[in-house]
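All chains should be built: construct the whole structure from the sequences, respecting the hints.
Protein sequences appear in the order of chains A and B.
Going by the numbering used here, the first sequence opens with residue 9, and the numbers climb by one from there.
Going by the numbering used here, the second sequence opens with residue -6, and the numbers climb by one from there.
No wet-lab data here; the hints were simulated from the structure.
Glycine residues also receive a C-beta, built at the ideal position from the N, C-alpha and C atoms.
Check each hint, because a few of them may be wrong.
[What the hints assert, rightly or not] Some chain A residues well away from chain B (every beta-carbon gap over 10 Å; in silico): (1) 57; (2) 122; (3) 230; (4) 247; (5) 250; (6) 360.
[What the hints assert, rightly or not] Label-pair ranges, simulated between beta-carbon atoms: (7) 231(A) to 283(B): 48 to 56 Å; (8) 194(B) to 140(A): 33 to 41 Å; (9) 144(B) to 164(A): 53 to 61 Å.
Given next are the chains, with one letter for each unit.
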Amino acid sequence: MAGVAREFPDLTGEAGEVMTDQGKISAVALDRVSKRYGDVEAVCDLTLQAEPGELLVLLGPSGCGKSTVLRLIAGLESPSEGTVRIGTQVVNDVDPKDRDVAMVFQSYALYPHLSVRRNIEFPLRSRHFPSNERGELVLRVAKSLQIEHLLDRKPAQLSGGQRQRVALARAVVRRPAVFLLDEPLSNLDAQLRIEMRAELVEMHARLRTTSIYVTHDQTEAITMGHRIAVMHDGRLQQVGTPRAVYEQPANAFVAGFVGNPPMNILPAHITSGTANSGGAAGVVSANFLGGEIALGAEHSVALRGFSSDEVLAGVRAEHLSPDPEGTIHATVSLVEELGDYQQLACRLGTGQLVTARARSGAGTFATGDAIALAVVGEVHLFDPVTSQRIGS
Amino acid sequence: MIPDRNRSRKWREALLGYLWVLPALGVFAVFVFYPLGKAVWLGLYRTPPFPNLASKYVGASQYGSVLSSAPFLHSLERTVLFVIFTVPAGIVLGIALAALANQRLAGIRVFRTVFSSTVATSTAVASVIFFTLLDPQVGLFSYWLGKRGGTGILQNPTLALPAVSVVTLWQNIGFTFILMSAALQSIPDELLDAARIDGAASWFRFRSVTLPLLSPTVFFAGVVGIIGSFQAFGQIDLLTQGGPNNHTLVLIYYIYQAAFTNNNYGLAAVLSVALFLILLILTLGQFWFLERRVFYGRES
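Printed below as a string of structure tokens:
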């Protein structure tokens, strides 16, 4: 924090806050937080914590309440129930300006009448930093984001990517304890988005500021987040590392939402291997996608407590491949050439569409080909009533 | 052959264009350009002091003598004072009320309706209401101010112009309020949210974000307000008729008196041309000077 006139009590080691050479890094904790607008419940009983220095991604489709969560943390909304804590302090009744957070908005929210310099300077000005210190800080942050040549322009004279950088500069210039980013890349074109993604991750690694990043783009979530919190209809569905969320989705929604392409989830009928269906214990087989497949032994234990034979089975595209001996018959309706593999959209006899992958060497396929598919990896089972995962 | 055909088509298109403009041009010609030309022309003739005598051509000298005369300068001073009393205060009040009514409070719509209600009041109605309130015998204001039975406010040379200004302010406030409310609501919430998070206290937020983004509307309200105040006639006629002792004799009322009380069309014409030129210069000046200080959000 050289050059910045901020004084903190020494909180090193105190729960929820860590002092670094960059300043204070705070944890953010929501405890049983709900937010209602009249009859609409935007956020429902949410308990979630971002550890100090973590980059936590809130992922979900639009309208799932993720932006509301960010606004609750920022103090732009107050919770109907529950507590919001930043560091060691409950901030439910603390004004946004006193929460020591900075936010980057989807629209960037740059002040259109101010130059880039004045935009970046705004948080310092409103906190009465002396002018020589302001100039120094603005220049330093502008250099680190490579926008020092734009300082005298107005936002309208900048490209989308440049505006994005100015918004980031405005957020980081004061070194807040927490960064809140509300879909900051969604207005950029695809190429720039990938570049900015890398830059954001690098910036986070450098500053180590606790960051909460809201997005509806699961690729962004998987590539950037230390952990991902998946939300749907105002409720937290699952929180975990990108790998855990991808490999062990907690329910059918998460399975369908995380991963590109989405997991193939279709009804299956357990034909043997459980108490209900008879057959040899330990070998579970199911009728899935019109063919008979064998499930792993781990499902035998999981299904033991499950009363019905009807389940939802999910298979990722990379675990469904063309195989002449496969039991699932389909017609190729679309082929995507993706470098070392082909991604096939296949129409089943029942009319449903599934996505499969053919590795190079497995032959090449064309639209209209009749093929047989085999499950070559893990099958995830979900309760068709609750959509929850069956088993671990 | 082809260039000729092109040229004739261009001609036909141009002709058709002028044909479409013709009706509007006709209306403007009859009601604006002809009266303007006629006024300039009338200003060249001195109206005789007695009726039934022919007007005398005096050329531009009448313009010189009238525009340097004491009555004209007095009336110009009254007009400028009236504009100063009504326009800036009207804009400040309009912004203040709009900012208040922009709060998210239960029942705020009632206030919005009340604040904008004067827009539905005619000058005549506003004048009659205030005439009654300010009446020295039965007026509520005179009673409150302990001036019952004495000289009325409208009869007081010092207070008459401020009183007429207050009536004008009251009547215009609804329009200014609506303008400012619309402008306030067009400011994106995200900008104000960003300012809140950036640490701006409410006054700093208002001064550095809201006000600059309101500037095009403030500019518009300023131009319209100044023109409106220069042309304010109804309230003067109904409340003071230019009195007491010419203290509310603004330019437009001076013109009215010259033309329709004293039948001095020459004088009235000179004054009218002067008013036209003053407004023209003021408006052009405002556009020239203020436009470079106003933010329109499209400076690319």
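Results of checking the hints against the structure:
no.	hint	result
1	57	holds, 21 Å
2	122	violated, 8 Å
3	230	holds, 27 Å
4	247	holds, 25 Å
5	250	holds, 28 Å
6	360	holds, 42 Å
7	231(A) to 283(B): 48 to 56 Å	holds, 50 Å
8	194(B) to 140(A): 33 to 41 Å	violated, 23 Å
9	144(B) to 164(A): 53 to 61 Å	holds, 58 Å
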